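Work out the full structure: start from the sequences and follow the hints.
There are 2 protein chains.
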Amino acid sequence: MKEILKMLEHKEYKKLRQQLEIMKPADIAEILEDLSHKNALFLFRLLPKDLAVEVFSHMSPYDQAKLSELFNVEELQQLVKELNFDDKIDFLEELPAQLVKRILKNAQVQERTLINQFLNYPEYSAGSLMTIEFVDLKKEMTAQEAIEHISKTGFKKETIYTCYVIDAYRKLEGIVSLKNIILAEENEKIENLMERDFISITTTEDQEEIAEIFKKYDLLAIPVVDLENRLVGIITVDDIIDTIEEENTEDFHKMAGLKPSKREYMDSSVLSLTKHRLPWLMILMITATFTGAIIKSFEEVISKVAALAVFIPMLMDNGGNAGSQSSTLVIRSMALGEVAPKDILKVIWKEFRVSLIVGLSLAILNFLRILLFENYPIAISLIVSVTIFITIILAEVIGGTLPILAKILKLDPAIMASPMLSTILDALVLFTYFSISKAILHL
Amino acid sequence: MKEILKMLEHKEYKKLRQQLEIMKPADIAEILEDLSHKNALFLFRLLPKDLAVEVFSHMSPYDQAKLSELFNVEELQQLVKELNFDDKIDFLEELPAQLVKRILKNAQVQERTLINQFLNYPEYSAGSLMTIEFVDLKKEMTAQEAIEHISKTGFKKETIYTCYVIDAYRKLEGIVSLKNIILAEENEKIENLMERDFISITTTEDQEEIAEIFKKYDLLAIPVVDLENRLVGIITVDDIIDTIEEENTEDFHKMAGLKPSKREYMDSSVLSLTKHRLPWLMILMITATFTGAIIKSFEEVISKVAALAVFIPMLMDNGGNAGSQSSTLVIRSMALGEVAPKDILKVIWKEFRVSLIVGLSLAILNFLRILLFENYPIAISLIVSVTIFITIILAEVIGGTLPILAKILKLDPAIMASPMLSTILDALVLFTYFSISKAILHL
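Chains as they are written, first to last, in the UniProt record's numbering: chain B, 1 to 443; chain Z, 1 to 443.
Keep in mind that the hints are not guaranteed to be accurate.
Copies of the same chain are indistinguishable here, so a pair counts whether it falls within one copy or spans any two.
Heads up, simulated PhoX-like pairs for lysine-lysine below, C-alpha to C-alpha not over 25 Å straight-line [unchecked claim]: (1) K304 to K438; (2) K2 to K215; (3) K189 to K179; (4) K105 to K49; (5) K88 to K179; (6) K156 to K81; (7) K66 to K262; (8) K24 to K139; (9) K14 to K171; (10) K2 to K346; (11) K81 to K216; (12) K342 to K407; (13) K346 to K66; (14) K157 to K171; (15) K157 to K215; (16) K38 to K342; (17) K171 to K24; (18) K156 to K105; (19) K179 to K138; (20) K105 to K66; (21) K152 to K139; (22) K152 to K189; (23) K49 to K88; (24) K216 to K156.
Bear in mind the hints are in silico, worked out from the structure with no lab data behind them. These numbers were taken from a predicted model, which means no experiment stands behind them.
If you want it as structure tokens, here you go:
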């Protein structure tokens with residue numbers, strides 16, 4: 001990086017170009033993202049055309065958009081023409097419709113129609129992830145003929161390692177791996193090599209489901225078909241890895257009460273960051289006033305024994321933390337397909353048993369701590385410990401159950417994480433605490 | 001699933017076997033995991049040998065261990081012999097050392113030595129992820145000869161799509177994709193097709209770093225070399241997808257104050273679940289007493305104006321939620337390599353500006369809410385709103401900074417998530433709240 005900047009500064013363009021040519025496209029993309037607009041543009045124009053296209057497809061959508069704002073229309077047209085089909089769609093999706101029109105002005109009618117069709121697939125669907133650059137074979141071919149066909153047409157394909165056998169109407173009849181073709185006798189017919197029980201998806205399939213299928217069956221690519229079972233595209237594993245990370249990011253965000261964002265943190269404006277945080281904070285703030293109302297109804301108790309207020313934060317945190325542990329475990333297990341709604345009773349029973357041990361341990365620890373290190377009456381120590389015990393049982397059972405209930409109600413389990421759960425638990429915990437206090441202290 | 005159980009019950013073994021033969025190994029594995037021990041063993045023994053091995057390698061380590069407890073030693077030896085090398089290592093790793101010895105008793109010395117070497121690689125390292133089943137080529141071969149070599153030796157290889165060019169001393173000289181071989185002229189030398197600037201890793205590389213490399217360069221496989229650059233194994237993309245999910249699970253767990261566990265939730269015993277939760281809950285409970293101490297030092301203030309206690313939960317939750325948003329965003333961005341320690345000042349500046357807008361919005365909303373819907377003196381409404389404003393600034397700036405500081409100190413940023421952060425923020429928030437109260441109310 002420093003080297004590159006130095007060469008730019010000293011105008012050693014020949015040396016710079018040589019250096020860039022031996023670098024990996026992904027590394028050059030990373031450097032471009034860190035450079036100033038002017039330098040990035042200059043460096044990009046210095047790249048040999050093939051490399052430039054590869055570098056561009058490794059950049060984040062945001063940086064692609066930023067860089068392409070500096071291009072003239074001819075450059076954009078050239079770039080779009082050279083990009084792989086799926087990268088092309090990803091890029092065009094980020095541009096304003098007017099600009100897309102101008103870029104596609106000179107494209108062939110057929111190409112333009114196809115691109116517009118792809119731009120219309122819903123985000124996060126198979127249609128928007130797939131590419132049309134796959135190898136198709138006919139079942140009458142021999143292994144030898146198939147290899148010849150692949151070597152002639154394979155250059156610009158997204159993958160040649162899984163090939164698709166289609167009939168005259170483009171209906172998908174089978175899938176065959178290049179491995180099976182290579183390992184077969186030269187004269188073996190593709191028909192006898194292909195797998196007929198293959199897994200396929202339709203254009204509307206959600207990306208989360210697709211990722212599940214890849215993980216379960218260890219696939220390198222999956223075919224996408226339309227409602228008449230005609231092959232319309234394929235999705236390859238490298239795009240699925242990005243999808244898996246996207247889905248995980250979405251879960252991390254939701255579980256922290258954030259509106260999920262696809263844009264990188266450093267690329268997000270202050271306003272956009274604010275917009276993703278404020279809604280949940282407002283909702284949670286308003287909801288927290290219910291907890292306030294509970295305390296208010298016990299105001300008399302507090303004014304008599306102000307010491308009770310001392311333990312409010314610890315009790316609240318305890319409930320929040322225990323609930324967050326249970327809900328995170330269950331939410332994550334559901335995301336990985338390990339826990340299903342049908343397991344709800346098993347989860348409740350498991351959480352209940354865990355909470356008995358955890359609750360008892362914490363209650364005893366707390367009782368001893370207050371007894372030994374603080375000088376509160378034993379009644380208060382008892383009240384706090386009993387509340388801890390009940391808190392943990394409530395927190396773990398509710399924390400484990402709510403995400404499953406959300407799933408049953410077709411909501412995203414991730415919203416039942418810490419922020420939402422804490423607010424619910426706070427109210428329960430404080431109500432328990434003050435009720436016990438009132439009873440034991442006869443207030 | 002129901003069908004299978006029915007056939008088992010009615011002893012329709014022939015029909016059952018036919019049904020199983022057309023199913024995907026991953027689906028059969030899933031069914032086996034849900035069956036009782038006795039039925040699972042029976043079904044497994046019903047499978048044709050090749051399919052049985054594939055099914056077994058799709059099962060989770062826990063279920064593999066459970067099922068294999070029912071096998072006799074001969075069955076285990078047979079199974080281990082047939083498993084792919086990396087699946088073999090994964091399986092043996094889970095078994096007690098005594099049993100491994102008995103299983104390997106009849107293996108050849110060379111094989112046994114190799115297995116023991118692999119069993120000694122640290123968990124989560126390249127050594128423990130890699131397989132030895134790769135295709136090696138010589139640079140003098142022609143494309144035609146390479147394809148012949150692959151078709152002869154490729155059957156039991158983990159992948160044939162990336163091939164490794166080694167010299168007489170097994171030093172790795174280059175990498176060539178099957179695509180480039182297939183697309184080349186028959187007489188082209190491998191030497192001219194191979195990539196010399198390839199990415200390789202050593203056996204001690206951590207799996208998190210390896211996953212980063214796969215994501216960045218869109219690889220299907222990566223070579224693993226020893227310190228003398230001799231090729232010792234390869235890692236393929238399907239194993240990396242599992243690794244990515246494992247790393248994400250670890251982060252989810254850590255961020256919820258859980259000691260990470262590789263075992264699935266439903267497979268974990270109550271005691272093991274307890275052991276993973278209790279340590280952090282205890283630490284956090286003890287730490288929360290500091291917050292209690294702050295309240296205690298203001299006990300007089302509370303006993304005079306008990307109404308102040310009403311707002312404690314809302315203020316604490318606000319701080320916790322805002323801090324959790326910032327820290328989650330930054331932790332996730334660092335995990336994805338988008339934010340680095342060098343960005344710390346940019347992050348602080350960004351969080352500060354976001355927190356000004358968020359804090360002001362929430363403070364105003366809260367001020368109006370209390371003014372319009374509750375009958376507290378305006379002074380209290382003011383105190384609470386000012387505290388909210390300061391809380392949000394503290395929460396977002398500290399929440400965004402702590403994970404980066406953790407990274408700089410070589411700690412895992414994920415521990416600076418909600419539970420830890422909330423405890424820190426609680427103390428700051430309550431101190432702020434009561435100090436302001438004391439000043440404004442002249443207590």
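Which constraints among the numbered hints does this structure fail? Numbers only, ascending.
Of the numbered hints, just 9 does not hold.
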